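Chemist: So the sequences go chain by chain: A and B. Note that my numbering gives residue 171 to position 103 of the first sequence, counting from 1, and the numbers run on in steps of one. Note that my numbering gives residue 64 to position 49 of the second sequence, counting from 1, and the numbers run on in steps of one.
Rather than coming from a laboratory, the hints here were simulated on the basis of the structure. In this text the structure is predicted, and so the values were computed from the model without any measurement. A couple of the hints might just be wrong.
[Stated by the list, open to error] When the alpha-carbon atoms are kept at most 25 Å apart in a straight line, the in silico DMTMM-like pairs for lysine to aspartate or glutamate are as follows:
1) A:K98 x A:E119
2) A:K98 x A:D171
3) B:K83 x A:E119
4) B:K83 x B:D23
5) B:K128 x B:D23
6) B:K76 x A:D171
[To be verified] Just a sample of chain A residues kept apart from chain B, beta carbon distances all over 10 Å, derived:
7) V72
8) I80
9) G126
10) R135
11) N145
12) L150
13) L151
14) L158
15) L184
By construction, the Cβ of each residue, glycine as well, lies at the ideal position given by its N, Cα and C atoms.
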Amino acid sequence: DAGVTQSPTHLIKTRGQQVTLRCSPISGHKSVSWYQQVLGQGPQFIFQYYEKEERGRGNFPDRFSARQFPNYSSELNVNALLLGDSALYLCASSYSGVLAGKDTQYFGPGTRLTVL
Amino acid sequence: AQSVTQPDIHITVSEGASLELRCNYSYGATPYLFWYVQSPGQGLQLLLKYFSGDTLVQGIKGFEAEFKRSQSSFNLRKPSVHWSDAAEYFCAVGALSNAGKSTFGDGTTLTVKP
Numbered sequence: 069d070a071g072v073t074q075s076p077t078h079l080i081k082t083r084g085q086q087v088t089l090r091c092s093p094i095s096g097h098k099s100v101s102w103y104q105q106v107l108g109q110g111p112q113f114i115f116q117y118y119e120k121e122e123r124g125r126g127n128f129p130d131r132f133s134a135r136q137f138p139n140y141s142s143e144l145n146v147n148a149l150l151l152g153d154s155a156l157y158l159c160a161s162s163y164s165g166v167l168a169g170k171d172t173q174y175f176g177p178g179t180r181l182t183v184l
Numbered sequence: 016a017q018s019v020t021q022p023d024i025h026i027t028v029s030e031g032a033s034l035e036l037r038c039n040y041s042y043g044a045t046p047y048l049f050w051y052v053q054s055p056g057q058g059l060q061l062l063l064k065y066f067s068g069d070t071l072v073q074g075i076k077g078f079e080a081e082f083k084r085s086q087s088s089f090n091l092r093k094p095s096v097h098w099s100d101a102a103e104y105f106c107a108v109g110a111l112s113n114a115g116k117s118t119f120g121d122g123t124t125l126t127v128k129p
């Protein structure tokens, strides 16, 4: 079975532009979470979606938005890019988003965003 | 607010030696604790997790971790390190009420000497 997939792998944008990152969860998984990982730091939680509804939001500005589609894939949008948005953006999927018991969060390889 | 501290930024061990990576957390209720490994250019892979029950948790690749509530710690151990274990390791804390949101430490980079 395919794991979590993300596209594109790498992306270069300039300040002020907008970007859309895409994530396809593992088949059967209904929850998708997005994380930002700045170089030298751990991932920071941005959003979680379950069954197309936003279930959680981290401490990020309104320039960041996301949505989940009926097939459970997800997009992360970032408007008015800043240099500080340069990071690895990770997508993770799980069956329920509730990580107790047997449910596990699986991460994709990430999208490397560089803002010039 | 929940937080995670990994006191060691970088650790070097010889192949075959034992390993312990430290993790301290801050959380008001019963925490859900995780250890992940990240190889260069890769996403995160779950090594093990703790929710309740036995405080010594076994994971993949020969890793184990011990939850100590009194010390707010969840240290990762391996009795004999292999060169392929060289990677970055992240400890994370989550909560059932935050369903899927995890707070990560800044990671510990492990170098393995031949």
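Chemist: Mind listing which of the numbered hints don't hold for this structure, in increasing order?
Modeler: 3, 7, 9 and 14
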